[in-house]
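Residue numbers (the working numbering), protein chains in the order written: chain A, 1 to 324; chain B, 325 to 648.
These are calculated hints, taken from the structure and not from any lab test. Hints are not guaranteed to be accurate.
Claimed, not checked - Cut-off 30 Å, straight-line C-alpha distance, at most; resulting in silico cross-link-like pairs (BS3-like, lysine-lysine): (1) A:LYS9 <-> A:LYS132; (2) B:LYS407 <-> A:LYS290; (3) A:LYS83 <-> B:LYS530; (4) B:LYS333 <-> B:LYS520; (5) B:LYS520 <-> B:LYS530; (6) B:LYS407 <-> B:LYS358; (7) B:LYS459 <-> A:LYS9; (8) B:LYS456 <-> B:LYS423; (9) A:LYS290 <-> B:LYS423; (10) A:LYS99 <-> B:LYS614; (11) A:LYS135 <-> A:LYS146; (12) B:LYS520 <-> B:LYS380; (13) B:LYS470 <-> A:LYS42; (14) B:LYS520 <-> A:LYS42; (15) A:LYS173 <-> A:LYS146; (16) A:LYS83 <-> A:LYS99; (17) B:LYS459 <-> A:LYS83; (18) A:LYS83 <-> B:LYS614; (19) A:LYS290 <-> A:LYS196; (20) A:LYS132 <-> B:LYS470; (21) A:LYS9 <-> A:LYS42; (22) A:LYS9 <-> B:LYS423; (23) B:LYS366 <-> A:LYS56; (24) B:LYS456 <-> B:LYS407; (25) B:LYS358 <-> B:LYS333; (26) B:LYS380 <-> A:LYS56; (27) B:LYS456 <-> B:LYS380; (28) B:LYS333 <-> A:LYS135; (29) A:LYS135 <-> B:LYS380.
Unchecked claim - Output of the computed footprint for chain A on chain B, the stretches with three or more beta carbons under 8 Å from beta carbons of chain A: (30) 400-406; (31) 409-418.
By construction, the Cβ of each residue, glycine as well, lies at the ideal position given by its N, Cα and C atoms.
There are 2 protein chains.
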Amino acid sequence: MSTINDVAKEANVSTATVSRVINGSSRINVQTEKRVLDAMAKLNYSPNTIARSLAKGHNDCIGFLLPDLNLPFWAKLAHEVEKCARSHGWNVMISCAPKNLDDYYSAYNRLSGSMVSGIITTYIGGADEFIKASKTPTVTIGSISKSSHSISSNDEQGGIFATRHLISRGCKKIIHISGEMLPERSSNERTYAFVKECERNGIQYKLYETSLVDQVENNYAGIIGNVFYENTDFDGIFASNDILASMCLSTSLSLGFQVPRDIKIVGYDDIPISAMMYPPLTTIRQNYQKLSELAVETVLNLINGIEVPKIQQISVELIVRGTT
Amino acid sequence: MSTINDVAKEANVSTATVSRVINGSSRINVQTEKRVLDAMAKLNYSPNTIARSLAKGHNDCIGFLLPDLNLPFWAKLAHEVEKCARSHGWNVMISCAPKNLDDYYSAYNRLSGSMVSGIITTYIGGADEFIKASKTPTVTIGSISKSSHSISSNDEQGGIFATRHLISRGCKKIIHISGEMLPERSSNERTYAFVKECERNGIQYKLYETSLVDQVENNYAGIIGNVFYENTDFDGIFASNDILASMCLSTSLSLGFQVPRDIKIVGYDDIPISAMMYPPLTTIRQNYQKLSELAVETVLNLINGIEVPKIQQISVELIVRGTT
DNA sequence: TTGAAAGCGCTACCAA
DNA sequence: TTGGTAGCGCTTTCAA
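Generate the whole structure from the sequences, applying the supplied hints.
Take a look at the structure:
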């Protein structure tokens, strides 16, 4: 690995000049510049970002702390976050912390103590104080708490869309299976909206809740089995994510129900496989790209000390396919 | 942000001493140590990893360069790589470079010129020379080239398992849809093994190939439509990944075929959703954990200058489910 | 337009 | 057991 000194010697200039041509920071004699460029090429030089970061007092890397890359929702988000960060010239360091607060804290510290200038993180109940104390610019995805900056989809809207759609398709008794209802978690709104819409329309309903651990460990079978065991007369399911919905679908089919004739199903997220199952899944699409862009731009603003609204929400979209 | 100097002053010692207590690198007077610790606590000091990395000449971060996090196979691998790296005390920086060699080069350079000590990368044809020239310790996943260190599944074994299973289920004419056949790509072996097994058993077969771009853009519909258009008499499909297989499944069902009665399908990878569709997908399971562990341990060894075999392969497993 | 040199925060060697 | 100090590779004043 050649350094800026090697280049300077090779080109017969000072390191300051080399630095200038690297950064284009000031006027430089065309011939000098060419000499430097040639030297860089000859030595296959590439600047050491660590040294650079140290000298500049900051580096161009943000951390993304998520529960689990095996969850398509988060994988998709990670993909978009990385793409968006890159387009701004930033790198992203990823860390997964699925299970509990302690894991979360240690993952967060590894990122913030490391080399990231800011963090985008999944929401996990109870970490507000911790995040605030860390002083690292942080934006949370999926919370509606004002204690840190947060981005989320408009989950109330999603809940309304899903429920109304099911009702409009003639459902009379609807089961809702939610994720874990943590305080201030934005996805709770899906459930609240569902309940409200059902009651307003005099529709029977029943609620089931899964835990975060269920989700990470793909441990839905028990819950879903239970739904089909405890209820014989329902004709609609609104599931809080597409994985859950797709398991409801396959369970329905394997028990001899026809979908959508006997049971209609609406999922949430619109992950890639949702369109590929049979029948393809009706769902609420989250705008991954917008979500990611907003998250990246918000941390970047925070890092630069630019004022940013505490809570930002993004619209969702009902995607009607074959399960309703 | 307080620095090591602040702590030194506060504790009335030299920075060298502070550094020693941080790193536990040599014997220190108990009282001195306590003074330093107190000072660190009082100033809420946390060492700057950038400065540290620069001084040490290396940092604890590896890069993972993959085609696309939306592909469940890579997302799963990324998850395991991160987990495994973390257990060794290393961070991982992720970069996606789906489309072409130029994207790949720039992503690779961003990582290597950045702050990673080593790189784990997806295989992409034609980059061997480039990688070698970069001097960054690199392990490639999914190649059988000896020009850099590579880890892959035993794809010949996978191809054999899949084909024999289909034949044992009574298939007489089998379609195979492969990924892009890049030179020295390990997954080619699936196709070669398939052809060999069919010929050995006098089974009719036909080959289709998809491109990398098809995969990234989820652009399989055309190919699959074509398979069903051009062939009316086949009774088995061996697809080179589970996404492809699941689309074959839903296409079969939507065209009125029964699976597995009329058409039997075997996929490849065993991604999480494969077990959740209906009927659940018979597939070849790759050992993600082993693959990742081997990749991480191999880069780490490379970084530490430890001799490592050029090519390492991992066994696969046939998972029989409902589509055969 | 260029060069000299003082840092950025930390580690590690050499002395004491 | 401690302190002094020379780097690590780069950026950025200040002068020339």
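The hints, checked one at a time:
no.: 1; hint: A:LYS9 <-> A:LYS132; in the structure: violated, 47 Å
no.: 2; hint: B:LYS407 <-> A:LYS290; in the structure: holds, 28 Å
no.: 3; hint: A:LYS83 <-> B:LYS530; in the structure: violated, 38 Å
no.: 4; hint: B:LYS333 <-> B:LYS520; in the structure: violated, 74 Å
no.: 5; hint: B:LYS520 <-> B:LYS530; in the structure: holds, 12 Å
no.: 6; hint: B:LYS407 <-> B:LYS358; in the structure: violated, 35 Å
no.: 7; hint: B:LYS459 <-> A:LYS9; in the structure: holds, 22 Å
no.: 8; hint: B:LYS456 <-> B:LYS423; in the structure: holds, 21 Å
no.: 9; hint: A:LYS290 <-> B:LYS423; in the structure: holds, 22 Å
no.: 10; hint: A:LYS99 <-> B:LYS614; in the structure: holds, 22 Å
no.: 11; hint: A:LYS135 <-> A:LYS146; in the structure: holds, 16 Å
no.: 12; hint: B:LYS520 <-> B:LYS380; in the structure: violated, 53 Å
no.: 13; hint: B:LYS470 <-> A:LYS42; in the structure: holds, 28 Å
no.: 14; hint: B:LYS520 <-> A:LYS42; in the structure: violated, 49 Å
no.: 15; hint: A:LYS173 <-> A:LYS146; in the structure: violated, 36 Å
no.: 16; hint: A:LYS83 <-> A:LYS99; in the structure: holds, 27 Å
no.: 17; hint: B:LYS459 <-> A:LYS83; in the structure: holds, 26 Å
no.: 18; hint: A:LYS83 <-> B:LYS614; in the structure: holds, 28 Å
no.: 19; hint: A:LYS290 <-> A:LYS196; in the structure: holds, 28 Å
no.: 20; hint: A:LYS132 <-> B:LYS470; in the structure: violated, 50 Å
no.: 21; hint: A:LYS9 <-> A:LYS42; in the structure: holds, 12 Å
no.: 22; hint: A:LYS9 <-> B:LYS423; in the structure: violated, 38 Å
no.: 23; hint: B:LYS366 <-> A:LYS56; in the structure: holds, 27 Å
no.: 24; hint: B:LYS456 <-> B:LYS407; in the structure: holds, 27 Å
no.: 25; hint: B:LYS358 <-> B:LYS333; in the structure: holds, 14 Å
no.: 26; hint: B:LYS380 <-> A:LYS56; in the structure: holds, 19 Å
no.: 27; hint: B:LYS456 <-> B:LYS380; in the structure: holds, 24 Å
no.: 28; hint: B:LYS333 <-> A:LYS135; in the structure: holds, 24 Å
no.: 29; hint: A:LYS135 <-> B:LYS380; in the structure: holds, 26 Å
no.: 30; hint: 400-406; in the structure: holds (count 4)
no.: 31; hint: 409-418; in the structure: holds (count 5)
Figure legend: structure checked against the earlier numbered hints; hints not met, in rising order: 1, 3, 4, 6, 12, 14, 15, 20 and 22.
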